[in-house]
Amino acid sequence: MKHIITIIQKQLKDTLKNKPILIQFIMFPLFSIVMTHAIQIQEMPENFFVNLFATMYIGMAPLVSISAIISEEKEKNTLRVLLMADVSPVQYLIGIGSYVFFMCIIGGVIFCCLLNNVTNTQRIFFLLIMSIGIIASIVTGASIGVGSKNQMTATSVTIPVMMIFSFAPMLSMFNDKIEKISKIIYSEQIRNLINNLENGGDCMQNITVILLNIIVFGTLFSVLYKKRGLT
Amino acid sequence: MAVLIEVNNLSFSFGEKQILKDISLTVEKEDIIGLLGPSGAGKTTLVNILTGQLKLQNGVIKTFHNRNLISGIMMDSFGLYDRLTVWDNLKIFADIYQVPHSRIETLLNRAELINDKKTIVNHLSKGMRNRVNFCRALLKDMDILYLDEPTSGLDPATTDKIHKLIEEERKTGTTIFLTTHNMHEAEKLCNKIILLNEGTVIEQGIPEEICMKYNIENTRELVLKNGEKHILQNNRENAAILFEMMKDEKIISIHSSEPDLEKVFLYLTGRKLNE
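Keeping their order, the protein sequence lines are chains A and B. The first sequence begins at 1 in this note's numbering and counts up by one. The second sequence begins at 1 in this note's numbering and counts up by one.
Don't take each hint at face value.
Unchecked claim - Some chain A residues judged to face chain B by a derived CB distance under 7 Å, without partners named:
no.: 1; residue: THR6
no.: 2; residue: LEU12
no.: 3; residue: THR15
no.: 4; residue: ASN18
no.: 5; residue: LYS19
no.: 6; residue: SER88
no.: 7; residue: VAL90
Derived from the structure by calculation, the hints contain no laboratory data. All residues carry an ideal CB built from backbone N, CA and C; glycine is no exception.
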């Protein structure tokens, strides 16, 4: 546990000086605050910007940050040094994963505070959906980080994957074909869950797709980890 | 002295390529052992196997009383957190090893880095980064310290500082395993040398003894007061001549012809150490 806390503390200090990663965590919550207060059109659905940016945030921030952190540590040999210093790969991954989760859930809380006309139960449900989405993105991003030899490779893989998970739900609002295809990805199901927050209803199908995504990317992660290890 | 590590018939390959062939060596307690060889000789691979970063494929590694040795490692690739300060970099590892933070102060003082403890690592020179790396390797009490080319690419003044730190550490009883392709460094610091070429140990022992062993010319070069230079074979006849010259105070200097490690390596392999 002590090692995990050290990893989290280290990452927290590092992120404060690492602008590209810091931007990932604050960009969409900030957009959401600004847009919610600046643009108010009568026909616009309730919580439109919060729903839109929260979905994009889930598809981008955890995925990009964790893959960037792992691949940078691999490239600069800091990960190797940590592992030689009695930190186990599991401790490292839990430390980094927890750190990204907590940073992202802060954004989730900001989105939650921006929601209008929802009950406290719905707010808790919203945070739960955000948490599941963040976990799915963390597993996906960690797979990319573990599978990449260096930062450049990780970036070249992360960008298209992030574009799919982050933008497909938004584009599916305007195109039926994209909507049909994007039903299989977790971020689209997160968008559906958030959009149906006020209506409630059956969400088993959404949850099933998200869990299947987590299982698929979890399997991919374990295959890559067994093949490449952390260093 | 007690044997700390004994390696027998170690071989290692990456795929088809054989990197190390039939390596056997011993490391005794409180040795400074120098692993010398040109780039690509297999030095780092051997250190990576000894430190457990690479799995042993063939051969046997025995350790003192068969226990896991506590190792400190300083690699040539830095592995420092560039955006963090010197202090923060060391604090991470002090927390992992659970050593008091006062140990960081002590080491920074020794490495003459105490005034730079709040400097971001990215702003340090290569020599200073090496010293931070050295401090990190020394944070915990250890049996053996592995140094992988600690002075590679450094200026003479910084190299001297690193050498001073290595000698100080040896005085505390730490065994040091140094890889280098700088034979002057090895001659200065090490009490035992292993010469490695193309993955094979071609010679090992005490540096002076190795040099004497390959003293094939076996001559003495004399510089006389009148400016003349003479090269004399080491034999009974020339000993008498030398004695006479010394008696008459004709000699300014006498140099023996024994080779340095560089020449020994060249003699054994036909290539230079820094190739």
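Quick rundown of the hints versus the structure:
no.	hint	in the structure
1	THR6	4 Å, holds
2	LEU12	11 Å, violated
3	THR15	9 Å, violated
4	ASN18	6 Å, holds
5	LYS19	10 Å, violated
6	SER88	11 Å, violated
7	VAL90	15 Å, violated
Violated hints for the displayed structure, listed by number in ascending order: 2, 3, 5, 6, 7.
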